[in-house]
Amino acid sequence: MLLEIKNLYVKYGNIEALHGISFTVDKGEIVTLIGANGAGKTTTLHAITRVPPPEGSKVSGGDILYNGKSLLNVPAHSIVADYNIALAPEGRHIFGNLTVEENLKLATYSRGAEDESLKKDYERVYALFPKMSERRHQRSETLSGGEQQMLSVSRAIMTSCNFILLDEPSMGLSPLLMYDMFRVLKQLNEEGMTILLIEQNANLALKFAHRGYVLDTGEIVASGTASELLSNPDVKKAYLGG
Amino acid sequence: MLDSIIQNLFNALQWGSFYSLIALGYTLVYGVLRLINFAHGDIFMVGAYIAYFIAIFLFKGSLSLSGGLTLALVIPLTMILTAMFGVTLERIAYRPLRRKGANRLYVVITALMCGLILENGNLAFLGASRKSFPELIDKVVYNFGMISMTNLKIGVIISSIIVYFILNAIISKTKIGMAMRAISYDKFAIPLMGIPIDTIIVFTFILGSSLAGLAGILFAMSYPILDPFMGAIIGWKAFIAAVVGGIGDIKGAFVGGFLLGIVEILVVAVFPSTFRDLIAFSILLIILVIKPTGLFGVAKSTKI
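Line order of the protein sequences matches chains A and B. Read in order, the letters of the first sequence are residues 31 to 272 in my numbering. Read in order, the letters of the second sequence are residues 2 to 305 in my numbering.
Please keep in mind that the hints were generated in silico from the structure rather than gathered at the bench. Accuracy of the hints is not assured; some may be wrong.
[To be verified] The calculated lysine to aspartate or glutamate pairs, modelled on DMTMM-like cross-linking and capped at a C-alpha distance of 25 Å, are: (1) B:LYS176 x A:GLU146; (2) B:LYS176 x A:GLU164; (3) B:LYS176 x A:ASP151; (4) B:LYS174 x A:GLU153; (5) B:LYS101 x A:ASP93; (6) B:LYS174 x A:GLU131; (7) A:LYS161 x A:GLU131; (8) B:LYS174 x A:GLU164; (9) B:LYS188 x A:GLU132; (10) B:LYS101 x A:GLU46; (11) B:LYS188 x A:GLU171; (12) B:LYS176 x A:GLU131; (13) B:LYS252 x A:GLU171; (14) A:LYS135 x B:ASP187; (15) B:LYS174 x A:GLU171; (16) B:LYS174 x A:GLU132; (17) B:LYS292 x A:GLU171; (18) A:LYS88 x B:ASP199; (19) B:LYS176 x A:GLU171; (20) A:LYS99 x A:ASP56; (21) B:LYS174 x A:ASP145; (22) B:LYS252 x A:GLU131; (23) B:LYS176 x A:GLU132; (24) B:LYS174 x A:GLU144; (25) A:LYS161 x B:ASP187; (26) A:LYS88 x B:ASP187; (27) B:LYS188 x A:GLU131; (28) B:LYS174 x A:GLU146; (29) B:LYS176 x A:GLU144; (30) B:LYS176 x A:ASP112; (31) A:LYS135 x B:ASP199; (32) B:LYS252 x A:GLU132; (33) B:LYS174 x A:ASP151.
Computed from a prediction, not measured in an experiment: that's the story for all the values here.
Start from the sequences, fold in the hints, and give me the full structure.
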């Protein structure tokens, strides 16, 4: 088991957002968490990557195990630098005042000296997303929304992660770009990347993932293989539009 | 007439150098933390006092080194010690508030209080008597026609320009400099890049405080009377210079500092000296009214 979420409770102040959820992700898998707005999907990803700021959410119970080790007391930067888990956050959070290339370079902050593997990763990202190569000297805030999303994912790859958390990567993408994005993600997975994907577009997510969990107001209400969920009448009704 | 203009401009560049060096510290900390570090002017004062004690110890003490050698040691030592001082201030005053997620207003008030504590701590422990900074290098006056320049003034101007270019290279070329620019745009994503935010903040305080230390040395050599409140007014003015230049932008702080120096000196050249701050700040006010983001500041745009 690569990632194991055990009975996780998360609170924002006095308001409990996650009421003891449990799920697992195995190495090499694509797992998706689907659910409506406010179900607690982003909260879950933030808990795993330890990014919540002091005034934000707090884990109030349960545990997050990665390769059997608890992540609860690991600082956010170390999740990326030492555990090689990366998050492409909702809303992209690219550094708009830096160029595309600088954004990518910054993601290699903890990787130390320039070496072969670094060069390979740049080539890999530029091959996966040719647009990034075209625009590498452009200030990233001038990119289109879809290109910013690509940059956000590219940046995650550049941290040399082997487990990537994706928070609504399809948001703001045209159908064509969305198809492109998921083709790239599939390719990454085939090269060995483990993926935990959050999506509001449940149909899309379940067609892409191996397994899925359905999150509803802080609780997991259904789980199974993607095809099981796709044919589950309750899931169909609530999330797949009939 | 031309001579007098050039003479005044030269003096203005020297005077503006101090504002620039201090304004750079304000703008660096603001860019990274969105914190107006009101204690920064007093860090400049601390720098001047550190320089004073080191200079007295090396120059007047039993070592009695030569003035030139003393200066060569005073500059790095003061910059290092002032940097350590700034980092300590961040650690004991600002970081705990940040950890608890305090509202920005409380942090700014804390900074104001820290400044007052430094001023009054100095007053309490070192006394009200002013300290006079020893003359480390012999004053040399160069005359070009009607224009006179001293080696010290030239040194001050050149130092601030060199510092700016070094700083600019750090900010634009190194990874940590990139992280400083990135953090000013989006703090949330910094740890997601594997970057410890605290490291960036400490580095920022090291840069800003060491520049304040350098300004302290140069100021003490140029106007060799030190008192506990010397950093208050000059700090305020440097802060205003940073805002007029566009706070958060180092080019803005640098140009803003010189701009304030030039405006002040030119006002005095024409009007009685009591009019200096009145007219100088009125001009800066007009600049801000016309361009509220400052000369080089840009309003951040986000894409949905």
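Task: In rising order, the numbers of the hints this structure does not comply with - done: none
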